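Those protein sequences? They're chains X and W, same order as listed.
Heads up: the first sequence begins at 1 in the working numbering, then just goes up one per residue.
Heads up: the second sequence begins at 374 in the working numbering, then just goes up one per residue.
Hints are computed from structural coordinates only; laboratory data are not their basis.
Covered by chain X, per the in silico footprint, the following chain W stretches (three or more residues, Cβ under 8 Å): (1) 470-477; (2) 506-520; (3) 539-547.
Since the model is a prediction, treat every value here as computed from it, not as a measurement.
Glycine included, every Cβ here is placed at the ideal spot set by N, Cα and C.
Protein chains: 2
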Amino acid sequence: MKLAKVPIVQVCAYQIALLQDSLQKLAGMNDQPPTYGQPVPAPCLYELTQEEMQQLAPPERSIVLMDEHVFQHFPTKWSGYRILLVPPGEQNKTFCTLELLSEQLLALGANRQSLLVAVGGGVVTDLVGYLAASFMRGVACAFVPTTVLAQVDAALGGKNGINVGLHKNMLGTIRQPEFIAINREYLATLPDLEWANGFAEIIKYGWIDDVAILEILESSNLPYFQKNLSEFSLLSARCTSIKNRIVAADEFENGERKKLNFGHTVGHALETLYRLPHGHAVSLGMRAALRLSEIHEGLDPSADRRLAIMLQQYQLPTSLELDELQVLDLLMHDKKRNGTNIDFILLERAGKAVIRQLSREEIRMGLSTIQAT
Amino acid sequence: MKLAKVPIVQVCAYQIALLQDSLQKLAGMNDQPPTYGQPVPAPCLYELTQEEMQQLAPPERSIVLMDEHVFQHFPTKWSGYRILLVPPGEQNKTFCTLELLSEQLLALGANRQSLLVAVGGGVVTDLVGYLAASFMRGVACAFVPTTVLAQVDAALGGKNGINVGLHKNMLGTIRQPEFIAINREYLATLPDLEWANGFAEIIKYGWIDDVAILEILESSNLPYFQKNLSEFSLLSARCTSIKNRIVAADEFENGERKKLNFGHTVGHALETLYRLPHGHAVSLGMRAALRLSEIHEGLDPSADRRLAIMLQQYQLPTSLELDELQVLDLLMHDKKRNGTNIDFILLERAGKAVIRQLSREEIRMGLSTIQAT
Numbered sequence: 001m002k003l004a005k006v007p008i009v010q011v012c013a014y015q016i017a018l019l020q021d022s023l024q025k026l027a028g029m030n031d032q033p034p035t036y037g038q039p040v041p042a043p044c045l046y047e048l049t050q051e052e053m054q055q056l057a058p059p060e061r062s063i064v065l066m067d068e069h070v071f072q073h074f075p076t077k078w079s080g081y082r083i084l085l086v087p088p089g090e091q092n093k094t095f096c097t098l099e100l101l102s103e104q105l106l107a108l109g110a111n112r113q114s115l116l117v118a119v120g121g122g123v124v125t126d127l128v129g130y131l132a133a134s135f136m137r138g139v140a141c142a143f144v145p146t147t148v149l150a151q152v153d154a155a156l157g158g159k160n161g162i163n164v165g166l167h168k169n170m171l172g173t174i175r176q177p178e179f180i181a182i183n184r185e186y187l188a189t190l191p192d193l194e195w196a197n198g199f200a201e202i203i204k205y206g207w208i209d210d211v212a213i214l215e216i217l218e219s220s221n222l223p224y225f226q227k228n229l230s231e232f233s234l235l236s237a238r239c240t241s242i243k244n245r246i247v248a249a250d251e252f253e254n255g256e257r258k259k260l261n262f263g264h265t266v267g268h269a270l271e272t273l274y275r276l277p278h279g280h281a282v283s284l285g286m287r288a289a290l291r292l293s294e295i296h297e298g299l300d301p302s303a304d305r306r307l308a309i310m311l312q313q314y315q316l317p318t319s320l321e322l323d324e325l326q327v328l329d330l331l332m333h334d335k336k337r338n339g340t341n342i343d344f345i346l347l348e349r350a351g352k353a354v355i356r357q358l359s360r361e362e363i364r365m366g367l368s369t370i371q372a373t
Numbered sequence: 374m375k376l377a378k379v380p381i382v383q384v385c386a387y388q389i390a391l392l393q394d395s396l397q398k399l400a401g402m403n404d405q406p407p408t409y410g411q412p413v414p415a416p417c418l419y420e421l422t423q424e425e426m427q428q429l430a431p432p433e434r435s436i437v438l439m440d441e442h443v444f445q446h447f448p449t450k451w452s453g454y455r456i457l458l459v460p461p462g463e464q465n466k467t468f469c470t471l472e473l474l475s476e477q478l479l480a481l482g483a484n485r486q487s488l489l490v491a492v493g494g495g496v497v498t499d500l501v502g503y504l505a506a507s508f509m510r511g512v513a514c515a516f517v518p519t520t521v522l523a524q525v526d527a528a529l530g531g532k533n534g535i536n537v538g539l540h541k542n543m544l545g546t547i548r549q550p551e552f553i554a555i556n557r558e559y560l561a562t563l564p565d566l567e568w569a570n571g572f573a574e575i576i577k578y579g580w581i582d583d584v585a586i587l588e589i590l591e592s593s594n595l596p597y598f599q600k601n602l603s604e605f606s607l608l609s610a611r612c613t614s615i616k617n618r619i620v621a622a623d624e625f626e627n628g629e630r631k632k633l634n635f636g637h638t639v640g641h642a643l644e645t646l647y648r649l650p651h652g653h654a655v656s657l658g659m660r661a662a663l664r665l666s667e668i669h670e671g672l673d674p675s676a677d678r679r680l681a682i683m684l685q686q687y688q689l690p691t692s693l694e695l696d697e698l699q700v701l702d703l704l705m706h707d708k709k710r711n712g713t714n715i716d717f718i719l720l721e722r723a724g725k726a727v728i729r730q731l732s733r734e735e736i737r738m739g740l741s742t743i744q745a746t
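Looking at chain X on its own, in the form it has when it is part of the complex (with noise of 0.2 Å):
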């Protein structure tokens, strides 16, 4: 293991510090409503007790929002909040599903000064997160991510959203919570499948920014990770410290931030039309982004097996049987369409991404190297 020799995060201080941050913020409005005005990042908080929880997210004003299949692992943890089951799963987040929170808020008294917690994955703390900036105009808002996906990743940054149609996140907004609390203990409980799919954005995070990331990955593997929850999180850390830094920088994605994006654009029309795990979805546009790298910034060829490795490492496709036609036309209605073309993001080398336009045809060519044969 390479872990020792990276310099990481100094986890305890940096926590506490927040921590007390948080709670002296918190306390200070009492009667206020939240305003759009959150601090970016908003803080991430490691391996609260349920104690500390509870200082944060008072149950007298807090109401817990949490996917129905952490709350059957989990059914007494959240014991004297309200709780609202979320139903699991991405074909739930819709305006359905906010339409019936909301009024079950209402049910259990929810107003203006309440706080939502949104225990779960991504579609949970994207749901909960869109829910919150526009339930009465605006409520406060906490995310406890139980997924590796959500930990390193999607409950960080402030977007939230809801699918419309095979729109992904086409309704949302950028709006920070008020704190991010990670605990590993939710992990113990999590499936394979679901470890990969979150160790998918942690390769990216070491292509985009970060080789050390990428020699930690390759002298592992996913096991090793899910027995040693304690060097997870330190691999958990790094990215988040790369994410907040990003976003910190960029908030409103106006450039920087989206290099975040390095495996999404093809990644969400995969994921929508083949109703792939965010993650493999991912880890497809991530090899279709790479060959595009070879061709247009002279990315050396090499990367594309390093990364195929990784990927097969991490029990991640490499491969899929698609329709190019398809995946182009709804890709072409992606939000960071930009005319014709689409901005797309590409690798220099390992750890140094940049912003390309390119059109149709011309990422048709990346999609050729996942076609299955």
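Here the structure of chain X is known, so what remains is to put chain W in place on it, guided by the hints.
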């Protein structure tokens, strides 16, 4: 007419300065998606020519979302623009309409650089405001209010939203448009009912902030303003400057802005339960609030007679056959709820509003005043 005696906003110089400001601002944001950092209040521009409008909202990046009724009256006014028709009426202020419009925006090629221009009454500006706040996580919008109500109130201040079930504006945001273009030509085809509807809000500004407005209103009547649109513009500009001043001081309604809800707490419940026009409901709500002001603030009882005469003068109702318990039940779910009490706007005197917390039973006392016998 007392209008000439009252100092009013110097509309011309004001609007030209703002127009130039806006032009520069919009020109500068060519490639940048809009954020939540819009200026407060958004500039109000009076009597823009269609040519000036095209400079501010270039047809190539703008999509006009227009009330169907307005389109029938002004079918060629927005020629050269891509136009989407919005179904009219409060019953269409739902997520269903929002979803439909977002699909249509995609079909028209909208992207993050698009500017959504809402042309219509408060329903359209509320819908399009929320759509713009959410579509692709936020695009720019501008409002062209076409009713008295929207020109003096609904289009100003950045509040937007949709109804969920019986709950008015349950989901929405507070977010300013790029600018608001107020043109009196749209009022020429407005039905009498809609004129009266808007005057309820004008009466409100008088009672909460500016007794001169009450004097202007008492010395005239509805047909006078319908025939003398330039006189109406002066009155309207007086109202918008009050609203803009209050919104600028308290965009997110932590205090001062709540005063604009005078008559609206009871009003919203009546509007929903009895499907009243907004202005009719607010008129009744103001009468109830005046009665409660007598009880709690020692308001001179002659005020109620003064308000009742004024409502009749402007073709607004003074009583209604209502089910008090049903009204109270709905009202206690209002966004303005604060524990078991509700933030309620009362008057110390004409022109001076105060925020108080009232209980269900206290509010009930106000309802008997407007009960039709």
